[in-house]
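S.K.: Take a look at the letters that make up each chain.
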Amino acid sequence: GENVEQHPSTLSVQEGDSAVIKCTYSDSASNYFPWYKQELGKRPQLIIDIRSNVGEKKDQRIAVTLNKTAKHFSLHITETQPEDSAVYFCAARPSGYSTLTFGKGTMLLVSP
Amino acid sequence: NAGVTQTPKFRVLKTGQSMTLLCAQDMNHEYMYWYRQDPGMGLRLIHYSVGEGTTAKGEVPDGYNVSRLKKQNFLLGLESAAPSQTSVYFCASSYGGQETQYFGPGTRLLVL
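So the protein lines, in turn, are chains A and B.
Just add 8 to wherever you are in the first sequence, counting from 1, and you've got our numbering.
Just add 1 to wherever you are in the second sequence, counting from 1, and you've got our numbering.
Note that these hints are calculated values from the structure, not bench results.
It cannot be assumed that every hint is accurate.
Keeping only pairs whose Cα atoms sit at most 35 Å apart, straight-line, the calculated DSBU-like set for lysine-lysine is [unchecked claim]:
1) B:Lys58 x A:Lys79
2) B:Lys72 x B:Lys15
3) A:Lys50 x B:Lys71
Interface residues of chain B toward chain A, partial, derived using beta-carbon atoms under 10 Å [unchecked claim]:
4) Pro9
5) Arg12
6) Tyr34
7) Met42
8) Tyr49
9) Val51
10) Gly54
11) Gly59
12) Val61
13) Gly64
14) Tyr65
15) Ala83
16) Pro84
17) Ser95
18) Gln102
19) Gly107
Computed from a prediction, not measured in an experiment: that's the story for all the values here.
Note that the Cβ used here is the ideal one computed from N, Cα and C, for glycine as well.
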């Protein structure tokens, strides 16, 4: 089955800096890669996703890049703000499957 | 439109007791999922359903049973609770197998 590794497990940045979270996956058949944000005590919420037919996708301060050859994808957050502090999860889904495999999460702390 | 809801929010069980967690969605979604979240372990899939009357095992199904008698409801049962089942349980649903998963608010379960 699919295996997703996520790094780093914790990330501390100053407000205004950029943050990058990286994930690798094992199944070359995976073609859908969502990112979820989970604030303390809350439910995970989708913030951005990418499919294997594109290499990059942006939404305001958030971007995701995908390298299918190397089987890794990354979340980029620019101009970080304290409200970006949360746990971020990456996930992967093989083509034809309906289940996601999640990474173990990255705790992002943005200090004012 | 309440989205995905879960009942109860919090429960304490003694070892060996049984209980049922209820997940309900009002979005007419076909697919429903049960995950458990443990510190440092990310979200792990317990069971899922691709439609009314169907269920399938996920990554960590042992000790749990599920039922999907109605399209809008997905029940997770613990027949004989163990301390290792102390966790936060999240339900999710999606319109199709290749669509975005939306999460419920979670159920915090403590097994003593």
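S.K.: Now tell me if each hint is right for this structure.
M.R.: Quick rundown of the hints versus the structure:
no.	hint	in the structure
1	B:Lys58 x A:Lys79	26 Å, holds
2	B:Lys72 x B:Lys15	31 Å, holds
3	A:Lys50 x B:Lys71	26 Å, holds
4	Pro9	15 Å, violated
5	Arg12	16 Å, violated
6	Tyr34	7 Å, holds
7	Met42	6 Å, holds
8	Tyr49	6 Å, holds
9	Val51	6 Å, holds
10	Gly54	16 Å, violated
11	Gly59	7 Å, holds
12	Val61	12 Å, violated
13	Gly64	19 Å, violated
14	Tyr65	16 Å, violated
15	Ala83	23 Å, violated
16	Pro84	22 Å, violated
17	Ser95	8 Å, holds
18	Gln102	7 Å, holds
19	Gly107	6 Å, holds
Violated hints, listed in ascending order, are 4, 5, 10, 12, 13, 14, 15 and 16; each of the other numbered hints is respected by the structure.
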